[in-house]
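Visitor: Sequence order for the protein chains is A and B. Each residue of the first sequence is one higher than the one before, counting from 501 in the working numbering. Each residue of the second sequence is one higher than the one before, counting from -16 in the working numbering.
Certain hints may be false.
What the hints assert, rightly or not - Derived pair list, reagent style EDC-like, types lysine to aspartate or glutamate, alpha-carbon separation capped at 16 Å:
| no. | chain 1 | residue 1 | chain 2 | residue 2 |
| --- | --- | --- | --- | --- |
| 1 | A | K934 | B | E148 |
| 2 | B | K296 | A | D633 |
| 3 | B | K383 | B | D48 |
| 4 | B | K328 | B | E425 |
| 5 | B | K355 | B | E397 |
| 6 | B | K58 | B | E190 |
| 7 | B | K328 | B | E247 |
| 8 | A | K875 | B | D208 |
| 9 | A | K934 | A | D835 |
| 10 | B | K296 | A | D639 |
| 11 | A | K875 | B | D370 |
| 12 | A | K576 | A | D639 |
| 13 | A | K934 | A | E750 |
| 14 | B | K58 | B | E178 |
| 15 | B | K58 | B | D187 |
| 16 | B | K383 | B | E20 |
| 17 | B | K296 | A | E750 |
| 18 | B | K296 | A | E631 |
| 19 | B | K355 | B | E402 |
| 20 | B | K383 | B | D267 |
| 21 | B | K383 | B | D264 |
No lab work stands behind these hints, which were simulated from the structure alone.
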Amino acid sequence: MNAMRREEEREVTGSGFFHPTTFTLDNGMEVVLVENHRAPVVAHWVWYRVGTADSPPGKSGLPHYLEHLMFKGTAKIPPGMFSKIVARLGGEDNAMTGYDFTAYFQMIARRHLATVMEMEADRMVNLRLSEEDCLTERDVIVEERRQRIDNDPAALLDERLTAVRYLHHPYRLPVIGWMHEIRSYTREDALDFYRTWYAPNNAVLIVVGDITREELEPLAARIYGAIPARPVPERRRVQEPEPQTRRIVELADARVRQPSVAVSFLAPGTRDGSPERTHALEVLADLLGGGTTSRLYRSLVVERAIAASAGCWYRSASLDTSTFRLWASPRPGVDPQEVEAALFEEITRIREEAPGEEEVARVRRRMVAEATYAKDSLNGIARIFGTTLTTGGTVADVEAWPELIRRVTPEQVHAEARAVLDPDLAVIGRLRAKPEERA
Amino acid sequence: MTGLSRRTFMAATGVGLVAPGIVTAAAAAGPNPRVEEVVGRSGVRAYLLREPSTPFISVRFVFADAGAAQDPPEKAGLANMASGLLDEGAGPYDSGSFRAALEDNAIRLSFDADRDGFSGRLETLNENRDLAVELLMLALTEPRFEEEAVERIRAQILTELRRRESDPNDRAGLAWFREAFGAHPYARAVRGTPETVAAITREDLVELTRTRLARGNLHVGVAGDITPGELADLLDAAFGSLPEAPQLPPVPATTLQRAGVVVEPLPVPQSVVVFGHEGIDRHDPDFYAAYVANYILGGGGFSSRLTEEIREKRGLVYGVYSYLMDLVHCPLWMGGLATSNENVKTAIGLVARECRRMAEGDVGEKDVADAKTYLIGSFPLRFTSNDSVARMLVTMSVQKLGRDYLERRNAYIEALTPEDVRRVCARLFSRDILIAVAGQPEGLEPTRAG
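The whole structure should be built from the sequences, with the hints applied where relevant.
Guide: Set out below in structure tokens:
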């Protein structure tokens, strides 16, 4: 199956899209280069194949905590100096954590690329953490959690909806972590995790910008290639059981002034799906909820005029079972139940009748045309390759994407709607106002 | 949520600034960016930076002084509502067919309003450029404002306003401007209130397009794969049929009306704090010194003193930042942070302490040198995306910096001495600060206005 898949990819990558160059260092570190010579700048990213879903038991969000601590120094770089050094070189840096990845980047003038490569390679293996820095950064994470989640009822419902959607798989964990577990993080937790997962053979180097393969390859070999490979565990995660139930998650909060509803389904990821299924689901998501000409917007927002907004998304870059979600916000004075019922009517409609060739063709054309804009951001290009390569996909998958989207048929879209959007297996999230208690 | 980032406020590093009128984007300069000034037969001008590598263009345009400050008080939110409706049907296209023409052809057209300006953005692949320009022209000159679309967008704004009622970021920001500007139009919410949005009529919308959108207050920046000749034609086709001059009553200049502490009670575990005072005019001789000073204090992300003292040393916040905001009638220096209710007082005290340090001249040789190497060294980063370039170009035009500004900009920063920075700090950071807090801050007493 896999071999066939690669065969097909090779066939369709003839045209290509970003035209990357790829090679692998002796220690197993993969390298992807996308040349872009419009400005003397490079985006330099290192992606680790480890993320929230690999949190140790009782330590949800630990990968994100480590991501913060990676800026706390090595023998060569004093605590807190990493970003300052990058800034003095005129660069910008940051990092991010997802369910399946942890990534670090600098955007910088090309003449400083070697310097930031040295710094990134250094902290891959030489991280030094003081007890005090670890405790202070834990407080920062507490504030980050409050800012992103606890201060916002919609974000809180989103977090709980995801936690309920997955009965078993660690995708149920919030990327930021549960508050009581954040408070339990220790320096040793972070260092154990670091020693387990951070290694060149578990990393992908992605460089986008003003440099050629001839220039990059020796640099990468000298700097990253000097780090010995070492055994890294397989990403073995508990998997979801067959879903059997429909569930409702309701958040009633006195702060809520504007109710909303979301309906979430399990959908295939890389390991339990196939590129064909993923592409069909992407087309389905766009057909249902992409923009103001999509079915959900036309039906709920324009024609029936019961919703202020409506849409859907599907997380296509996911190592394990992903989710497909539809959502809507009622217009003022409209019962949220009516909007929820309308979402299910649209689900029934797409399940009962295959979309027409014309409708699917329009969506495909639009998706492929929009992809051109992705070339307008060095970091955006790096993110596309990074998320794909850390979620079980390949460089060829990225390059073949436009061609494979063009091949999606109405029958495939219909089949995915029937397979994925089963109303009996939906998890429904409701955000509603709670009348304030009177004293 | 697919990912969390270490920094909440990319704006602090100047990457994420999209709001027109904020200085960072304009303050870029280049090794050799050859900006051309293109003039159509209709007299419409644009700054152009050509970039042939990808077959599309980004266009940013601003109608100066046409923003929310022009909205009648009882119709506050008018410019914002119009910005949501221009791309909802125009000329022969009803809303559905207009949206389909945009989306089916991957034409990105949108409008926005802030306090000072009414702005727009167009991105199109070259193969669809003619259609894109036609749609833009129709949106500006023949918007239909059909009842269905007007009521739909009104409902969207009302639901958004309701959602924001419980958002501490919004509540703090709105309170700050309300208290800062009293009776001046800047005090009003750009999006209006449920009452004022309900009062807006189709006639108000038509009137806005007729009086505020003209060639005389138009600024255009373009980046991408287009020749000057093609762009001249584009400018005529898109903007040539606009009236020559806008009819805009002048907005009075103003000053900050008060300082002190305002609290918006909100049942959230973490308070959001917005702080600020008057800033510096874009054409002040010490503007660049102020820009460097702000970088040192709160504009420099992880290199800034506010981040060092409040996040890195004490873990009180996830993000803290400050920036210069180029409001036409009252330039500001603004900042923000979010911290648990019990820490608000401490965090605010640290902001005040760091401002005082700056005011007292505690700015060293190395602080200034580091700021300069970042601000100059990071310049080429701004030239990696058409949209970012178009945004810089239109800001250059609005701020009247001149076609060759990008070639001159680094020299302004290079020439600064620590003495220049200390001088402006004494002026900028000795001002009384206005602080708005949304949340349940502990031990923090609001102060009276006046």
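Visitor: Please work out if K58/B and E178/B have their alpha carbons no farther apart than 16 Å.
Guide: Measuring from Cα to Cα gives roughly 8 Å; hence the hint holds.
Visitor: Holds or violated: K875/A and D370/B, Cα atoms, limit 16 Å.
Guide: 12 Å, holds
Visitor: Between K576/A and D639/A, is the straight-line Cα distance small enough, at 16 Å or below?
Guide: 26 Å, violated
Visitor: Please verify whether K875/A and D208/B have alpha carbons no more than 16 Å apart.
Guide: Holds, at roughly 13 Å.
Visitor: Does K58/B pair with D187/B here, judged by a C-alpha cut-off of 16 Å?
Guide: Holds - the C-alpha atoms of D187/B and K58/B are around 9 Å apart, at most 16 Å.
Visitor: Tell me if the straight-line CA distance from K296/B to E631/A falls inside 16 Å.
Guide: The given pair, whose Cα atoms are some 13 Å apart, holds under the 16 Å limit.
Visitor: For the pair supplied as a hint, K934/A and E750/A, confirm whether the alpha-carbon distance does not exceed 16 Å.
Guide: Measuring from Cα to Cα gives roughly 11 Å; hence the hint holds.
Visitor: Quickly compare the C-alpha distance for K328/B and E425/B to 16 Å and report which way the hint goes.
Guide: Holds. K328/B to E425/B sits at ~7 Å (cutoff 16 Å).
Visitor: Does the structure keep K355/B and E402/B at a Cα separation of 16 Å or less?
Guide: Measuring from Cα to Cα gives roughly 14 Å; hence the hint holds.
Visitor: Is the straight-line distance between the alpha-carbon of K934/A and that of D835/A 16 Å or less?
Guide: 15 Å, holds
Visitor: Is K934/A close enough to E148/B, meaning Cα to Cα at most 16 Å?
Guide: With a Cα-Cα distance of about 15 Å, the restraint between K934/A and E148/B holds, given a limit of 16 Å.
Visitor: Against the 16 Å threshold, does the CA-CA distance of K296/B and E750/A hold or violate the hint?
Guide: The hint is violated at about 39 Å.
The structure does not agree with the numbered hints 12, 17 stated previously, though it agrees with the rest.
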